[in-house]
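Number of protein chains: 2
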Amino acid sequence: MTASVPVRHIASRDNPDYRAWLRLAQGRPGRRDTRIILEGEHLCRAWLEHKGPPLVLVVGESALSLDWIGPLWQACAQGRRIVLQNNLASVLSQVEHGPAVFFIVEPPVPALPSHITGGSLWLDRVQDPGNLGTLLRTAAAAGLRQAYLSDGCASAWSPKVLRSGQGAHFALDIHEHADLAALAHRLDVPLAATTLEKAELLYLKDLRQPCVWLFGNEGQGVSDELLARADWRVHIPQSAAVESLNVAAAAAICLFEQRRQQLVAAVKVRSARREKAQ
Amino acid sequence: MTASVPVRHIASRDNPDYRAWLRLAQGRPGRRDTRIILEGEHLCRAWLEHKGPPLVLVVGESALSLDWIGPLWQACAQGRRIVLQNNLASVLSQVEHGPAVFFIVEPPVPALPSHITGGSLWLDRVQDPGNLGTLLRTAAAAGLRQAYLSDGCASAWSPKVLRSGQGAHFALDIHEHADLAALAHRLDVPLAATTLEKAELLYLKDLRQPCVWLFGNEGQGVSDELLARADWRVHIPQSAAVESLNVAAAAAICLFEQRRQQLVAAVKVRSARREKAQ
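Keeping their order, the protein sequence lines are chains A and B.
The first sequence runs 1 to 278 under UniProt numbering.
The second sequence runs 1 to 278 under UniProt numbering.
The shape of chain A in the complex, shown without the other chains (with noise of 0.2 Å):
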């Protein structure tokens, strides 16, 4: 691809743009800076797909020869692209190996509904950023919509949540700093936690209503404030070989079980319809 506008480079360490970039992916933005980095070909691809053109978008430079790389230079107005100096774009790169591209995004901020009503995923102190991006992924290849995150989650735009994610991010409304137990007043659909305790084992209950589901921290779970307000309480019966699951497999486990309910029940009502109608 030949780029036939003026085309503003980079090559310099000491671009306070560039610095503020390198500050973004390195997981440590500026104070006001509310602006994320977003990595390779696949999220950059998922934001202009869900959310329009960024920013800005910056390209390494021997990352300017890719054809994948014209569409996203199409769709970004010209002052908002850059090239960088190879160098300086493999500094940026948290990955390995990669071709440099980044977007610049706002990443965006939804309002709290004043009911919730559909079904969503509520993460109660889930640290470890390869679990949150990985239990975004999973919520919304469920068909759930929105995830709701408290204090002490990691931080959902960062670059390891994001890599994770693999896209999850723009196809979810993500409510970070939620104050989950106010919320619970908000609450038109059930509250569903796995325990132990007084649990309905997860395939004998009946799932086919849109719920929220809870997931707690990977070494305490959810605060007992929380799961206190739980209307739905299930278990996973898994073998006694291991203690535990771990939160984002056993999402995956509740989630999908769930759409396997929604599905079958769907079925069996098409099929009624379809038996009434001969």
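Be careful, since some hints might not be right.
[To be verified] Some, not all, of what chain B presents toward chain A, calculated at C-beta under 8 Å: (1) G143; (2) A168; (3) Q238; (4) A241; (5) A252; (6) V264.
[To be verified] Cβ-Cβ distance ranges computed for the label pairs, FRET-style: (7) A/P190 / B/A272: 28 to 38 Å; (8) A/E49 / B/V91: 41 to 51 Å; (9) A/T34 / B/P53: 47 to 57 Å; (10) B/G118 / A/K276: 41 to 51 Å; (11) B/T117 / A/G118: 38 to 48 Å; (12) A/S155 / B/Q127: 20 to 30 Å; (13) B/R32 / A/G70: 48 to 58 Å.
Bear in mind the hints are in silico, worked out from the structure with no lab data behind them.
Built from N, CA and C at the ideal position, the CB exists for glycine as well.
Since chain A is already given, all that's left is putting chain B on it; use the hints.
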């Protein structure tokens, strides 16, 4: 706790034993060193329970007074207990703020069976240590007993994988550097893989029979060669909001859907017997 027998202390960072343990903890063992290091109460207790005493127990000075050190200490022969100066212990520790207790052990190397008859997990080049540990933990929780890891997988006994495995390593026979294509000839159970092409819906597939579950590399999935050998090809009906699931989340969904079907079948068998007896 006070030690009533003389105990070996290490106070120098140049101590050759200490230097070797440090290499284990940093995931770069000496070339002929086949030992591994386990850190923390949970992993050490799990080893003791499943495998017996370690080669060496290493305790940081300030951890000596903890109650739960007692049983670990008692389980080790006198010459195998070593107390480490606190500053050395905290350098050895890969965990923040944890009390420093370590087992030095030789990981088991199980013999390859001539026939693979039970449920097991096959992993083709799963690179991320967190994913690998979570996969092992989920497999053990689902009741599988064997894991076969191809070349290109993360090292199963590395500190990061051990940490995310949370003791699952001791409930499974783990075969590393397994030639999965060659092992396919030893299978007496179906080989199951997730894929989008020519695949049945996971929830419509009869999974009551044990099988081998095959999962692949985070970016590339299972190799074509292995996928061609799959007897069961299933897909997980995810929302179109994201392109794919994390490999450990996908495995959790598949393994626990199988567990659900097996549990439901067992309940049905039991109630049929009960009816017959009446």
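Against the structure, the hints come out as follows:
{"no.": "1", "hint": "G143", "result": "holds (4 Å)"}
{"no.": "2", "hint": "A168", "result": "holds (5 Å)"}
{"no.": "3", "hint": "Q238", "result": "holds (4 Å)"}
{"no.": "4", "hint": "A241", "result": "holds (4 Å)"}
{"no.": "5", "hint": "A252", "result": "holds (4 Å)"}
{"no.": "6", "hint": "V264", "result": "holds (7 Å)"}
{"no.": "7", "hint": "A/P190 / B/A272: 28 to 38 Å", "result": "holds (33 Å)"}
{"no.": "8", "hint": "A/E49 / B/V91: 41 to 51 Å", "result": "holds (47 Å)"}
{"no.": "9", "hint": "A/T34 / B/P53: 47 to 57 Å", "result": "holds (54 Å)"}
{"no.": "10", "hint": "B/G118 / A/K276: 41 to 51 Å", "result": "holds (46 Å)"}
{"no.": "11", "hint": "B/T117 / A/G118: 38 to 48 Å", "result": "holds (45 Å)"}
{"no.": "12", "hint": "A/S155 / B/Q127: 20 to 30 Å", "result": "holds (24 Å)"}
{"no.": "13", "hint": "B/R32 / A/G70: 48 to 58 Å", "result": "holds (52 Å)"}
Violation of the numbered hints given earlier is absent; every hint is satisfied by the structure.
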